[in-house]
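Engineer: Protein sequence lines, in the order shown, are assigned to chains A and B. The opening residue of the first sequence carries number 11 in my numbering; numbering runs sequentially from there. The opening residue of the second sequence carries number 16 in my numbering; numbering runs sequentially from there.
Simulated from the structure, these hints should not be mistaken for laboratory data. A couple of the hints might just be wrong.
[Claimed, not checked] PhoX-like, lysine-lysine: derived pairs with alpha carbons at most 25 Å apart:
no., chain 1, residue 1, chain 2, residue 2
1, B, Lys386, A, Lys62
2, B, Lys232, A, Lys44
3, A, Lys70, B, Lys386
4, B, Lys61, A, Lys14
5, A, Lys44, B, Lys96
6, A, Lys70, B, Lys342
[Unchecked claim] Some chain B residues flagged as far from chain A (calculated, every beta-carbon gap over 10 Å):
no., residue
7, Glu49
8, Asp145
9, Ala198
10, Arg277
11, Thr307
12, Glu311
13, Ser327
14, Asp337
15, Val346
16, Val355
17, Asn382
18, Leu387
Just so you know, even glycine gets a beta-carbon here, dropped at the ideal spot from N, CA and C.
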Amino acid sequence: MGLKVTVDLQACQGYACCMMTAPTVFDLDESVGKAVVLLPEPGEDLRELVEKSVRGCPSKAIALESR
Amino acid sequence: MHHVVVGASLAGINAVEGLRDAGFDGELTLVGAEDTLPYERPPLSKAALRLGSAAETILLRPADWYADHAVDLRLGRTAVKLDLANRSVILAGGGEVSYDGLILATGSSARPLATPAGAGPAHVLRTADDCARLHARLRPGEHLVIIGAGFIGLEVAATATMMGLDVSVVEVAPGPLHRVLGAEVGRWFERHHAAHGIGMHCGVGIEAIEADGRRSKVRLLDGTVLAADVLVAGVGARPAVEWLRGSGLQLSDGVACDPFLRTSAPDVVAAGDIARWHNTLFDEDLRVEQWTNAVEQGRYAAESLLGIAEQSYAAVPYFWSDQFDAKMRFVGVANAAQDVHVAEAGPDVLVALFGRDGLLRGALCVNAPRKLAGYRQAIADRVAWSDVVTP
Chain A
11 MGLKVTVDLQ
21 ACQGYACCMM
31 TAPTVFDLDE
41 SVGKAVVLLP
51 EPGEDLRELV
61 EKSVRGCPSK
71 AIALESR
Chain B
16 MHHVVVGASL
26 AGINAVEGLR
36 DAGFDGELTL
46 VGAEDTLPYE
56 RPPLSKAALR
66 LGSAAETILL
76 RPADWYADHA
86 VDLRLGRTAV
96 KLDLANRSVI
106 LAGGGEVSYD
116 GLILATGSSA
126 RPLATPAGAG
136 PAHVLRTADD
146 CARLHARLRP
156 GEHLVIIGAG
166 FIGLEVAATA
176 TMMGLDVSVV
186 EVAPGPLHRV
196 LGAEVGRWFE
206 RHHAAHGIGM
216 HCGVGIEAIE
226 ADGRRSKVRL
236 LDGTVLAADV
246 LVAGVGARPA
256 VEWLRGSGLQ
266 LSDGVACDPF
276 LRTSAPDVVA
286 AGDIARWHNT
296 LFDEDLRVEQ
306 WTNAVEQGRY
316 AAESLLGIAE
326 QSYAAVPYFW
336 SDQFDAKMRF
346 VGVANAAQDV
356 HVAEAGPDVL
366 VALFGRDGLL
376 RGALCVNAPR
386 KLAGYRQAIA
396 DRVAWSDVVT
406 P
């Protein structure tokens, strides 16, 4: 059972909320103003922060799957 | 056990979700004054205004989410009174809802601007209905006059300009966003809007608004007369707490809360625009009318009501505003800043820092989002102003 994080780059508006909430999971590519997933399969210890990033994304661009 | 959330708002939805995620399995009622499913407000001054609201209104949660979370959704029901002694919320048109625990999340309402008879109303922008009404009045080539150069006013100005209107903005303060962000940042935004062809009239008051056939005439104190086909008032918002007056609940420019968002009444907490609470990080009472705050406080208020909040609510606020190609993001607080330092300024970029009492308290980044993370951490760590701003 692992986590899988993806960002919909069409939806992403570069709010940077995700990288502020979970800086080890998300970064931002400033040249295009879009999020970058640094850690697409984060450990269970990061679940809470990633879930908070999903809730806190103003453009609802982040998806988290458990599998 | 029956918990009630008043306000089918962003804070209200997150409170509901927070209660269920935390395992609360009792009765749950969500009361909302508008008769539509809860929706996102930020697009109302941007994409939804440009394209027409119906197609672009974004629901906060899909329609079946409410049944899935066993929420008794009461839409189109305005809460008009809180009866603390009987633990009940009285609704307009009769009826009441009893609660064991209550979360107040009624948000803000737009401050209206009175216009004389015949001059037509000054549109405000707060709800999807407001957005639809204004969209229908925005016709290319016509002249839109916006009173107030705050975030709503500037966003509407940008959107209407992109729709082909001729736009003027009137602001009594010396510059846009002046009260919140100070003179230098204000000047940057003034130039940004002027460069897109918007007539910026700052530092000048309004002498009169007069009816003029189908138009309105806005007379400024410097002698300028603006003939408006459409008038928009972006003169601020106020916390929607009128219904709580006389209930005995302690109010103080919003609902007075402790650091755990608990109000003066037992088992009553507040979240979002209406909550004035003591933020221990900034060591001051804050009331924050922002999207991210509504999400996080809604969830936190649920935990606080359930008695499982471990720490006081002391988040670093965050908000954004998009105007033309300027993507402004702000972390922290700017209120009552003693120090403002512009770290970077160009035609498309602006980075400004806000400090008080020797500490960094806020950072504004236009088209420079990557810097936010570092500043946010520095604010949370109470880093000294002199460590981020070298003379």
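Engineer: Determine for every hint whether it applies to the structure shown.
Structural biologist: Quick rundown of the hints versus the structure:
no. : hint                    : result
1   : Lys386(B) with Lys62(A) : 20 Å, holds
2   : Lys232(B) with Lys44(A) : 44 Å, violated
3   : Lys70(A) with Lys386(B) : 22 Å, holds
4   : Lys61(B) with Lys14(A)  : 32 Å, violated
5   : Lys44(A) with Lys96(B)  : 45 Å, violated
6   : Lys70(A) with Lys342(B) : 17 Å, holds
7   : Glu49                   : 21 Å, holds
8   : Asp145                  : 20 Å, holds
9   : Ala198                  : 26 Å, holds
10  : Arg277                  : 22 Å, holds
11  : Thr307                  : 6 Å, violated
12  : Glu311                  : 7 Å, violated
13  : Ser327                  : 17 Å, holds
14  : Asp337                  : 8 Å, violated
15  : Val346                  : 7 Å, violated
16  : Val355                  : 21 Å, holds
17  : Asn382                  : 8 Å, violated
18  : Leu387                  : 5 Å, violated
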